[in-house]
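Please build the complex by placing chain B on the supplied structure of chain A, with the hints as guidance.
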Amino acid sequence: DVKVTQSSRYLVKRTGEKVFLECVQDMDHENMFWYRQDPGLGLRLIYFSYDVKMKEKGDIPEGYSVSREKKERFSLILESASTNQTSMYLCASSPRGGARGNEQFFGPGTRLTVL
Amino acid sequence: KNEVEQSPQNLTAQEGEFITINCSYSVGISALHWLQQHPGGGIVSLFMLSSGKKKHGRLIATINIQEKHSSLHITASHPRDSAVYICAVGSGPPQLGNQFYFGTGTSLTVIP
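If you read the protein sequences in the order shown, they are chains A and B.
Under our numbering, the residue at position 53 of the first sequence is numbered 53, and the numbers go up by one with no gaps.
Under our numbering, the residue at position 56 of the second sequence is numbered 56, and the numbers go up by one with no gaps.
Note that these hints are calculated values from the structure, not bench results.
We put the CB at the ideal spot given by N, CA and C, even for glycine.
Treat each hint with caution, since some may be false.
What the hints assert, rightly or not - Derived, one-sided and incomplete: chain B residues facing chain A with beta-carbon distance under 10 Å:
| id | residue |
| --- | --- |
| 1 | P8 |
| 2 | A13 |
| 3 | G16 |
| 4 | F18 |
| 5 | S24 |
| 6 | Q99 |
| 7 | F100 |
Same shape as in the complex, but just chain A (with noise of 0.2 Å):
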């Protein structure tokens, strides 16, 4: 069974602190996804990575970063938190390759709120 783990479920953060969220999987999967997503908007991708150490801005990388020093984990790091930033997170995997495209595999989500 594919598993993608996030470090928290909910979390409570106040504006400028430096906030870091974990996701880590166990299928050794190549790819993997920050997704936010809030109400009416759908997910949006934040940030991506395809192999260690490997990273691409996704469709709203402003005020994330991100770090994959593993293969098995990809963090993404709020450098100073905002009440904007008050979000649900999703982290995804995916194995690279497969010419009609590949499934991902969501983690149950971290709820940041910034206070």
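Frame of chain A; chain B shown alone:
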């Protein structure tokens, strides 16, 4: 402009009803995915399809590549089907595992 449009946004049905959720997309795709999200956040993949039709239990997904349209059908709906259903289109270079474009989701409530 959204690359993926879903309708309806919200849907309430009586138990036993036949349900259809629609998805239209504008990008070139490698595959289309239907996802289910229950309250609490976890997302699971229901179908991945690139042509034709797939069936799993009471769920049926179809895709028309020429019309860039997909439908998710639920037969004999049940309260446990209540969830948000999300259409996602995989696009981009396969070697990167495909970037996804997501619809905003359809919130389904099935009343006993």
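Cross-check of the supplied hints:
A least Cβ separation of about 14 Å between P8/B and chain A goes past the 10 Å threshold, and the interface hint is therefore violated. For A13/B, the interface hint is violated, the least distance from its beta-carbon to any beta-carbon of chain A being 22 Å, above 10 Å. At about 29 Å, the closest approach between the beta carbon of G16/B and any beta carbon in chain A exceeds 10 Å, and the interface hint on this residue is violated. For F18/B, the suggested interface contact is broken, since its CB lies about 25 Å from the closest CB of chain A, more than 10 Å.
With a cut of 10 Å, the hint placing S24/B at the interface with chain A is violated, because the nearest CB-to-CB distance is about 14 Å. With its C-beta approaching chain A no nearer than about 7 Å, Q99/B sits inside the 10 Å limit, and its interface hint holds. At a threshold of 10 Å, the smallest CB-CB gap from F100/B to chain A is about 6 Å, leaving the interface hint in force.
The earlier numbered hints that this structure contradicts are 1, 2, 3, 4 and 5.
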